[in-house]
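**Q** Residue numbers (the working numbering), protein chains in the order written: chain L, 98 to 209; chain P, 182 to 295.
Be aware that a few hints might be false.
[Stated by the list, open to error] Derived list of chain P stretches under chain L, where covered just means 3 residues or more per stretch with a C-beta under 8 Å from a C-beta of chain L:
{"no.": "1", "region": "217-223"}
{"no.": "2", "region": "231-239"}
{"no.": "3", "region": "280-291"}
Hint data in this document are derived by calculation from the structure and do not stem from the laboratory.
Note that CB positions come from ideal geometry on N, CA and C, so glycine has one too.
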Amino acid sequence: GENVEQHPSTLSVQEGDSAVIKCTYSDSASNYFPWYKQELGKRPQLIIDIRSNVGEKKDQRIAVTLNKTAKHFSLHITETQPEDSAVYFCAAREDSSYKLIFGSGTRLLVRP
Amino acid sequence: DTEVTQTPKHLVMGMTNKKSLKCEQHMGHRAMYWYKQKAKKPPELMFVYSYEKLSINESVPSRFSPECPNSSLLNLHLHALQPEDSALYLCASSQVAQNNQPQHFGDGTRLSIL
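So here's chain P without its partners, still in its complex pose (with noise of 0.2 Å):
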């Protein structure tokens, strides 16, 4: 049983919908990050929380937006997404970001744009 719960584990959208994912955790973790997944490719790292801060954001298009309401907690807002934004969206966490923690991954949210 994965320990990191995303929501939904499907979602399909309109490019000029709004919706949320969502994640969370509750191992006790510090770090919580976004990945992207495309089919046969590794995971692509979006953004980084530490201590419920952003840290880290990787040029990311402004129509994906992070959000951590607290240290169990992680949210994608996503608005007025294109077709090649549909993808397997994984969230992760780790104890903390900064020493060499391992990080563990929730099942995803497979997004389809139409």
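Pulled out of the complex, with its shape left as it was, chain L reads as follows (with noise of 0.2 Å):
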């Protein structure tokens, strides 16, 4: 089954800085990786996205890019923002289930 490992597991970053985490994946099939963030006491939510066809996508401050061939994706986060402090989740979906793997999770601390 599919096996979804996630570095850093704390990032602390100034206000204004970029923040990279990275997560790799070990199952070549896989087709699907999303990016979740979760606030303290909140739900997971859906900040971004990326299917294997694509190599990256942005939406505003956020990026996302995957190397299929080295089975890594990335999250990128421009200009952070105090706001932006959470725990962020990768995860990778199986070709042969419904299932989502998730990383481990990387704690963002923006600090102001």
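With the hints as a guide, bring both chains together as one complex.
**A** Structure (structure tokens):
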């Protein structure tokens, strides 16, 4: 089955700097990769996703890149703001099932 | 505002109680999911319903019993739970299960077992 590893587990940046979170996956057949943001006590919120036929996707300050050959994908947040502070989860969807396999999460702290 | 609504938001129950968690969506989605999330951990899939039929049961103990009365509703019946079952229970939905459609989560029910 699919296995997703996520790094770093914690990330502290100064407001205005960029933040990058990286994930690797094991199943080359996986073809859908969403990113979720979860603030304390709240639900995971889908912030961006990418499918395997695309190498990069951008939505304002958030971008995701996918390298299918290396089986890794990354979340890039530019011009970080304190409200970006949260736990971010990457996920990969197994091709053979309906299952999303989540990474272990990255706690992002944006210092004002 | 979340489009997946879960009730109750909080639930405290004893190990001998029977209770139910409810989830509702009106987006016309035909796939619905139950996840369990422990503190500082990612969501763990429990069940998947596709077109009101149970498609995946991730070897969940029988003290958790899912039900999908119709395409908009998903229930999780709880009986004889253990303290380690205390967690945030999240419901999610997507257009269909088979394709790469985004899953949208509800706010969850925070469950505490005494």
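**Q** Does each hint fit the structure? Answer for all of them.
**A** Hint check results:
{"no.": "1", "hint": "217-223", "verdict": "holds (count 3)"}
{"no.": "2", "hint": "231-239", "verdict": "holds (count 3)"}
{"no.": "3", "hint": "280-291", "verdict": "holds (count 8)"}
Against the hints set out earlier in the document, no violation occurs for any number.
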